[in-house]
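> With the sequences and hints as input, model every part of the structure.
Respectively, the protein sequence lines represent chains H and F.
The numbering of the first sequence is our numbering, which starts it at 1 and goes up by one.
The numbering of the second sequence is our numbering, which starts it at 358 and goes up by one.
Derived from the structure by calculation, the hints contain no laboratory data.
Hints may be right or wrong, so weigh each one.
Stated by the list, open to error - Which residues of chain F face chain H? A few of them, derived with a C-beta cut under 10 Å, are:
| id | residue |
| --- | --- |
| 1 | Cys396 |
| 2 | Arg400 |
| 3 | Ala402 |
| 4 | Asn516 |
| 5 | Cys568 |
To be verified - Below, a list of computed lysine-lysine pairs in the BS3-like style, where the Cα atoms sit at most 30 Å apart:
| id | chain 1 | residue 1 | chain 2 | residue 2 |
| --- | --- | --- | --- | --- |
| 6 | H | Lys29 | H | Lys178 |
| 7 | F | Lys491 | F | Lys542 |
| 8 | F | Lys377 | H | Lys29 |
| 9 | F | Lys491 | H | Lys339 |
| 10 | H | Lys296 | F | Lys425 |
We put the CB at the ideal spot given by N, CA and C, even for glycine.
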Amino acid sequence: MKIIKIDKKTWADGLERLKNQYRVYGPVKEDQGFHTYQPLQDGQQPDLNCLNTRLSPKAIVHPQSHPMFEYSLDEKQADHHIMKPVEAGEISRAVVGVRPCDAKAFQLVKLNFDTPEYKDPYWLNAYAATTFVGLACNDPCSTCFCTTSGCGPFHEEELDILLIDMGEEYAANILTEKGAHLAGAAGWNAVEEEMGMDGRLADQKQAAEAKIRSFVKTDRLREVETTALYEAPFWEEIAFSCINCGTCTYACPTCWCFDIQDETHGQSGKRMRNWDSCMYPLFTLHGSGHNPRSTKIHRVRQRFMHKLKYFVDKYDAGIQCVGCGRCVRLCPVNIDIRKVCGLMNSYDTSACVCPTP
Amino acid sequence: MSECIDRIKEISERLLADGKVDMVIGFRKGTLPMMNEPCFARRAADTVHLVWDSNCGINLANYLTDRKEKIGIIAKGCDSRNIVTHIIENKIKREQLYIIGIPCRGMVDKRRIADRFGGEIEDVFEETDTVIVKGEGTEKRFPKTDVLQENCRICIHRNPVIYDELAGDLVEEQADVDRYEDIRKIESMPPSEKKDFFSNLLSTCIRCYACRNACPLCYCPTCFVDESRPQWVGKGQDPVDVETFHFLKAYHCAGRCTDCGACERACPVGIKVRLFTKKLEKDCLELFNWEAGLSLDDRPPLDVYRPDDPDNFIK
Ligand code: SF4
Ligand code: SF4
Ligand code: SF4
Ligand code: SF4
Ligand code: SF4
Numbered sequence: 001m002k003i004i005k006i007d008k009k010t011w012a013d014g015l016e017r018l019k020n021q022y023r024v025y026g027p028v029k030e031d032q033g034f035h036t037y038q039p040l041q042d043g044q045q046p047d048l049n050c051l052n053t054r055l056s057p058k059a060i061v062h063p064q065s066h067p068m069f070e071y072s073l074d075e076k077q078a079d080h081h082i083m084k085p086v087e088a089g090e091i092s093r094a095v096v097g098v099r100p101c102d103a104k105a106f107q108l109v110k111l112n113f114d115t116p117e118y119k120d121p122y123w124l125n126a127y128a129a130t131t132f133v134g135l136a137c138n139d140p141c142s143t144c145f146c147t148t149s150g151c152g153p154f155h156e157e158e159l160d161i162l163l164i165d166m167g168e169e170y171a172a173n174i175l176t177e178k179g180a181h182l183a184g185a186a187g188w189n190a191v192e193e194e195m196g197m198d199g200r201l202a203d204q205k206q207a208a209e210a211k212i213r214s215f216v217k218t219d220r221l222r223e224v225e226t227t228a229l230y231e232a233p234f235w236e237e238i239a240f241s242c243i244n245c246g247t248c249t250y251a252c253p254t255c256w257c258f259d260i261q262d263e264t265h266g267q268s269g270k271r272m273r274n275w276d277s278c279m280y281p282l283f284t285l286h287g288s289g290h291n292p293r294s295t296k297i298h299r300v301r302q303r304f305m306h307k308l309k310y311f312v313d314k315y316d317a318g319i320q321c322v323g324c325g326r327c328v329r330l331c332p333v334n335i336d337i338r339k340v341c342g343l344m345n346s347y348d349t350s351a352c353v354c355p356t357p
Numbered sequence: 358m359s360e361c362i363d364r365i366k367e368i369s370e371r372l373l374a375d376g377k378v379d380m381v382i383g384f385r386k387g388t389l390p391m392m393n394e395p396c397f398a399r400r401a402a403d404t405v406h407l408v409w410d411s412n413c414g415i416n417l418a419n420y421l422t423d424r425k426e427k428i429g430i431i432a433k434g435c436d437s438r439n440i441v442t443h444i445i446e447n448k449i450k451r452e453q454l455y456i457i458g459i460p461c462r463g464m465v466d467k468r469r470i471a472d473r474f475g476g477e478i479e480d481v482f483e484e485t486d487t488v489i490v491k492g493e494g495t496e497k498r499f500p501k502t503d504v505l506q507e508n509c510r511i512c513i514h515r516n517p518v519i520y521d522e523l524a525g526d527l528v529e530e531q532a533d534v535d536r537y538e539d540i541r542k543i544e545s546m547p548p549s550e551k552k553d554f555f556s557n558l559l560s561t562c563i564r565c566y567a568c569r570n571a572c573p574l575c576y577c578p579t580c581f582v583d584e585s586r587p588q589w590v591g592k593g594q595d596p597v598d599v600e601t602f603h604f605l606k607a608y609h610c611a612g613r614c615t616d617c618g619a620c621e622r623a624c625p626v627g628i629k630v631r632l633f634t635k636k637l638e639k640d641c642l643e644l645f646n647w648e649a650g651l652s653l654d655d656r657p658p659l660d661v662y663r664p665d666d667p668d669n670f671i672k
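Here it is, written out as structure tokens:
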């Protein structure tokens, strides 16, 4: 669409104006030293020097705990034992400072929540109510491998506006109608002709891409046969150190799994939807007591097979990973998806020697 | 401490070559600075990958639970105490183990180093008592004692308490350590302040349970938080449920926790969960003169009754 120049001196005023129309979220530094996305209070600024938040912004659209229905068990009430939807009251929300990888992740997650068969109202309503104001990464971290996982430091997919830090000012690339509306609400309207994407901005984009030092190879993932990969001998070694903590999946912008639980207190209760993870034994425990993923190896394999094989085969939309590097940094025992992806991608089924009967 | 590595490799290689053990559990170099990964070697040739330095803070006793093989295991002071606890609690048999003891000078705290360094860290080396951190065009040196994990700074059992062979010379134990300064501070708070302190402490918890899963003591087939019939706690982010998990987890570790720090190290959001277990550790020391995992011959205070057990808390 068009590129707007925002003088950093007027940036804060624009954000304050936005807060009249949107609930604005942005990275905020916690006492513990890391950043999380928080709703910004009046006068509060997002910290855009944050390299990236500890957890991804997925919780803004898909909260870790979310009440779907409420009910009463009190038979004196006319509507006892009837599930009533909890009104979400979706107000317009703006997320400022989203990194391009995290934005791209919403596109992958949408494949799961918005299908011809199923439309997840909670996710879709929250998503529709949200405007994403991205921030291009001039200085990617050492663990970012976005350029080989379907996006990049200046990637635009799923963003409504992409901000590019040009020193004294931000160049705001308005990418959608939603973005244009938000820019209007903030009073950002100084159209900048000279900063077209082919000039200084393109150079800056190239420079940022050149700084990416970490890569994955994914070219063979589709062709490697699923069952051969499933039975590959390397899983025992990969899984050995895993403590099945699920940190990797909770931190991941593209992991979408959840669990549904009724929480009853006295005579009233709520039907909750909580994040869940394939790393937990309970995730697959059947009512019968049988667990088809009964060992750690099953669970670790599921995480990687889902992200790097099943997803690839099912959607033809690349891998279910945007290369943000969170799981790499946060795994307490250093299980590294880049390494596992390499093993899977280069797996040579013909080199596998079957035991002679 | 990294000098131990030659001995570790030599011993491990010998054990595997002679068929004394089926596997050796140790560490290999990780893909990020200050991260080593627990690993196993089944063949003598695999032992070349083993490493040892101040980034081996994961407690390897956690990898022994209910294993059936004969295992060689590398054990620093705290791991050895958790191995003792594992043996006492029948999670592994002494005869299954060949313990390669490592006298330890403490593990470094990767978060503290990252904070003090500032920018992106590219590489970290150690020289005797110095940690050298390299970033883009910069290098900073820290005395190791300034960047130790909190539990290592106050550790009084650096030498392994049980071993079959040592991979280094015994080190002098730290004396005059005040282990409970932080706990006394919390104990002296009035109840409402305590409540706020704990709520604040746990406010960023995402209930991933990395703290529980990194802990060798937490081996229950189904943890109480995961039970669904009956369901003891809600599974969402309600602060009461989050706090219930933490308080009960700590109580389940009473008289067993060795303050190895694996829980705190594993937490993705840096919550100081040891504050809970240390309070119970202090109580066990004061009430029963007990420190966990020091000997195979003593039963832990919470699984024996002695007529002279202190009872003045019963009102
Ligand atoms: S973060 Fe690491 S240890 Fe935890 S479940 Fe994921 S891979 Fe396993
Ligand atoms: S799998 Fe890891 S690197 Fe990929 S998107 Fe998820 S957290 Fe980021
Ligand atoms: S990797 Fe696991 S938690 Fe993540 S989406 Fe796939 S199955 Fe769910
Ligand atoms: S509770 Fe923490 S410090 Fe205590 S033994 Fe378990 S992991 Fe170690
Ligand atoms: S590891 Fe940290 S975030 Fe995870 S449950 Fe424990 S205290 Fe909470």
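> Among the hints numbered above, which are violated by the structure, and what are their numbers in rising order?
When the structure is compared with the hints, numbers 2, 3, 4, 7, 8 turn out to be violated.
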